[in-house]
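J.: If you want the building blocks of each chain, they are given just below.
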Amino acid sequence: AQTVTQSQPEMSVQEAETVTLSCTYDTSENNYYLFWYKQPPSRQMILVIRQEAYKQQNATENRFSVNFQKAAKSFSLKISDSQLGDTAMYFCAFILTGANSKLTFGKGITLSVRP
Amino acid sequence: ETGVTQTPRHLVMGMTNKKSLKCEQHLGHNAMYWYKQSAKKPLELMFVYNFKEQTENNSVPSRFSPECPNSSHLFLHLHTLQPEDSALYLCASSQGQNAVGTDTQYFGPGTRLTVL
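From first to last, the protein sequence lines stand for chains F and S.
For the first sequence, the working numbering begins at 66 and goes up steadily by one.
For the second sequence, the working numbering begins at 2 and goes up steadily by one.
Among these hints, one or two may not hold up.
[To be verified] Distance condition first, Cα-Cα at most 30 Å in a straight line; then the derived DSSO-like pairs of lysine-lysine:
| id | chain 1 | residue 1 | chain 2 | residue 2 |
| --- | --- | --- | --- | --- |
| 1 | S | 23 | F | 143 |
| 2 | S | 23 | F | 167 |
| 3 | S | 20 | F | 143 |
| 4 | S | 23 | F | 172 |
| 5 | F | 135 | F | 172 |
| 6 | F | 138 | F | 172 |
| 7 | S | 53 | S | 23 |
| 8 | S | 42 | F | 172 |
It should be emphasised that the hints constitute simulated quantities derived from the structure, not laboratory data.
Being a predicted model, the structure only gives us computed values, none of them experimental.
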């Protein structure tokens, strides 16, 4: 079975600074996808970034980038130039390729951006 | 704001009530999902529908009954729930097609359910 671990329950960052959220996962498979989702206090779960395991290049989306270390099974999210609107819960998620695969989520981390 | 809508946003019900949660997606997707989100726990997948067919029932108690009349609508019928069923219920959708598992899922805002 696949597992996703987010060991930091909470983090805080000053506005305009950079913060890194950690995620590790466990699988014996080689082909999978990894995601970071954001859930602001309004509860809408929003996709932040997605990484295909077969790609060595780290995914980036504007201020959001990942550090994907396949051998270490690590998938951290870096948020640059943090903004107040980045305050939310962030969930790391994993899914194997192929039909009928299930998306497995970590417990999430609460990020607070301080003005 | 979103291509996936859920109603109601809040629901309070007694243990003997029967209620239904509704989800609608406007993204042209073919797969839809129900998740349960409880405090301090990871999201739990409950049901998956792909092209209106149920492809996953993650050992969910029978007091939760899903219905998918078409690819755009998904319901969760609730009856004789327990207080521990209080949670945020999230609906999601994805392209579906042949490899449901690799599709990016898009979530609705959720229904906050309280069972008294």
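J.: Now tell me if each hint is right for this structure.
T.: Okay, the hints, checked on the actual structure:
1. S/23 - F/143: Since the Cα atoms of residue 23 of chain S and residue 143 of chain F sit roughly 35 Å apart, the hinted pair is violated (cutoff 30 Å).
2. S/23 - F/167: Since the Cα atoms of residue 23 of chain S and residue 167 of chain F sit roughly 22 Å apart, the hinted pair holds (cutoff 30 Å).
3. S/20 - F/143: 42 Å, violated
4. S/23 - F/172: 25 Å, holds
5. F/135 - F/172: Holds - the C-alpha atoms of residue 172 of chain F and residue 135 of chain F are around 21 Å apart, at most 30 Å.
6. F/138 - F/172: With a Cα-Cα distance of about 17 Å, the restraint between residue 138 of chain F and residue 172 of chain F holds, given a limit of 30 Å.
7. S/53 - S/23: With a Cα-Cα distance of about 15 Å, the restraint between residue 53 of chain S and residue 23 of chain S holds, given a limit of 30 Å.
8. S/42 - F/172: Holds, because 5 Å separates the two Cα atoms, which is no more than 30 Å.
Hints 1, 3 from the list above are not met by this structure, while the remaining hints are.
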